[in-house]
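When you line the sequence shown up against our numbering, it's residues 6 to 192, in that order.
Among the hints, erroneous ones may be present.
To be verified - As a list, the in silico DSS-like pairs of lysine-lysine whose alpha-carbon atoms are at most 27 Å apart:
#1 Lys-174 - Lys-69
#2 Lys-174 - Lys-135
#3 Lys-54 - Lys-142
#4 Lys-142 - Lys-122
#5 Lys-76 - Lys-27
#6 Lys-54 - Lys-27
#7 Lys-122 - Lys-54
#8 Lys-160 - Lys-111
#9 Lys-135 - Lys-76
#10 Lys-111 - Lys-54
#11 Lys-184 - Lys-111
#12 Lys-135 - Lys-184
#13 Lys-57 - Lys-30
#14 Lys-57 - Lys-142
#15 Lys-160 - Lys-184
#16 Lys-135 - Lys-54
#17 Lys-184 - Lys-30
#18 Lys-174 - Lys-57
#19 Lys-135 - Lys-57
#20 Lys-54 - Lys-184
#21 Lys-135 - Lys-30
#22 Lys-167 - Lys-30
#23 Lys-159 - Lys-135
#24 Lys-69 - Lys-135
#25 Lys-57 - Lys-167
#26 Lys-30 - Lys-122
#27 Lys-142 - Lys-167
#28 Lys-122 - Lys-57
Honestly, the hints are just simulated from the structure, not real lab data.
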Amino acid sequence: NIVQDNDRIGILDIEFFSLNFKANKGFILTYVLKEYHKDNYYSSMIDFKDMKNRNIRDKNITQKLVDDISKFDIIIGYYSNRCDLPFVRTRALFHDIIFPFYNTIKQIDLWEWVRYKMSLDRNTLRNATKITHIIGKDHADLDLWMDTAICGDKKALQEIFKHNAIDVKITERLYDRLKNYMSGTIK
Numbered sequence: 006n007i008v009q010d011n012d013r014i015g016i017l018d019i020e021f022f023s024l025n026f027k028a029n030k031g032f033i034l035t036y037v038l039k040e041y042h043k044d045n046y047y048s049s050m051i052d053f054k055d056m057k058n059r060n061i062r063d064k065n066i067t068q069k070l071v072d073d074i075s076k077f078d079i080i081i082g083y084y085s086n087r088c089d090l091p092f093v094r095t096r097a098l099f100h101d102i103i104f105p106f107y108n109t110i111k112q113i114d115l116w117e118w119v120r121y122k123m124s125l126d127r128n129t130l131r132n133a134t135k136i137t138h139i140i141g142k143d144h145a146d147l148d149l150w151m152d153t154a155i156c157g158d159k160k161a162l163q164e165i166f167k168h169n170a171i172d173v174k175i176t177e178r179l180y181d182r183l184k185n186y187m188s189g190t191i192k
């Protein structure tokens, strides 16, 4: 079974800046990790002082994120097995931070569930939440990421963080809508 009754489950979303969506050319800006069906949140935003130093940049937020991920038995995300978690793992390796080893934390990527259990023209979080009547998915302006990373705009970073928090909440609701269609889930 994927999920056991006593598993501590976290819903994760990260936001990052990258020139090519790869971690060796980018860095983490924000993350939100919500404990499933509880009001416990773990989150952080990059420190602008750190961001200006190439050798430190996202080291502190990466360490905090890795520490927070390690508190959970299962991490749920959207496109997290192909994007978020490899990005964090790569940044951790860059900063000599020990990322949880293979199979120490289970991962559930709702994108994979949507891809194989639904029939959508595009397997985006927006489409999956729209078809399941989950309200809240916003479309953040790409300029926010540019303004944050290049200009050091703190208001833009706050907007990214808000977008991040919304995505975690709707990802949790999407998991609730889809979990009964997945083998091995008992919650």
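Verification of the supplied hints:
1. Lys-174 - Lys-69: Holds, at about 21 Å.
2. Lys-174 - Lys-135: Given pair Lys-174, Lys-135 holds - Cα atoms ~14 Å apart, limit 27 Å.
3. Lys-54 - Lys-142: Distance of about 31 Å is beyond 27 Å: violated.
4. Lys-142 - Lys-122: Holds. Lys-142 to Lys-122 sits at ~21 Å (cutoff 27 Å).
5. Lys-76 - Lys-27: holds, 26 Å
6. Lys-54 - Lys-27: OK: Lys-54 and Lys-27 at ~23 Å, within 27 Å.
7. Lys-122 - Lys-54: Status violated; Cα separation ~44 Å.
8. Lys-160 - Lys-111: This hinted pair is violated, its Cα atoms lying about 35 Å apart.
9. Lys-135 - Lys-76: violated, 31 Å
10. Lys-111 - Lys-54: violated, 34 Å
11. Lys-184 - Lys-111: holds, 15 Å
12. Lys-135 - Lys-184: holds, 17 Å
13. Lys-57 - Lys-30: Roughly 15 Å separates the two Cα atoms, so the pair holds.
14. Lys-57 - Lys-142: This hinted pair is violated, its Cα atoms lying about 31 Å apart.
15. Lys-160 - Lys-184: violated, 36 Å
16. Lys-135 - Lys-54: Given that 27 Å is the threshold and the Cα spacing comes to 39 Å, the pair is violated.
17. Lys-184 - Lys-30: violated, 35 Å
18. Lys-174 - Lys-57: Roughly 31 Å between the alpha carbons, so the hint for Lys-174 and Lys-57 is violated.
19. Lys-135 - Lys-57: Judged against 27 Å, a Cα distance of about 39 Å means the pair is violated.
20. Lys-54 - Lys-184: Measuring from Cα to Cα gives roughly 41 Å; hence the hint is violated.
21. Lys-135 - Lys-30: Violated, at roughly 32 Å.
22. Lys-167 - Lys-30: With a Cα-Cα distance of about 24 Å, the restraint between Lys-167 and Lys-30 holds, given a limit of 27 Å.
23. Lys-159 - Lys-135: The given pair, whose Cα atoms are some 31 Å apart, is violated under the 27 Å limit.
24. Lys-69 - Lys-135: violated, 32 Å
25. Lys-57 - Lys-167: Holds, at about 23 Å.
26. Lys-30 - Lys-122: violated, 33 Å
27. Lys-142 - Lys-167: Given that 27 Å is the threshold and the Cα spacing comes to 11 Å, the pair holds.
28. Lys-122 - Lys-57: violated, 43 Å
Going down the numbered hints, you'll see the structure goes against 3, 7, 8, 9, 10, 14, 15, 16, 17, 18, 19, 20, 21, 23, 24, 26, 28, while the others check out.
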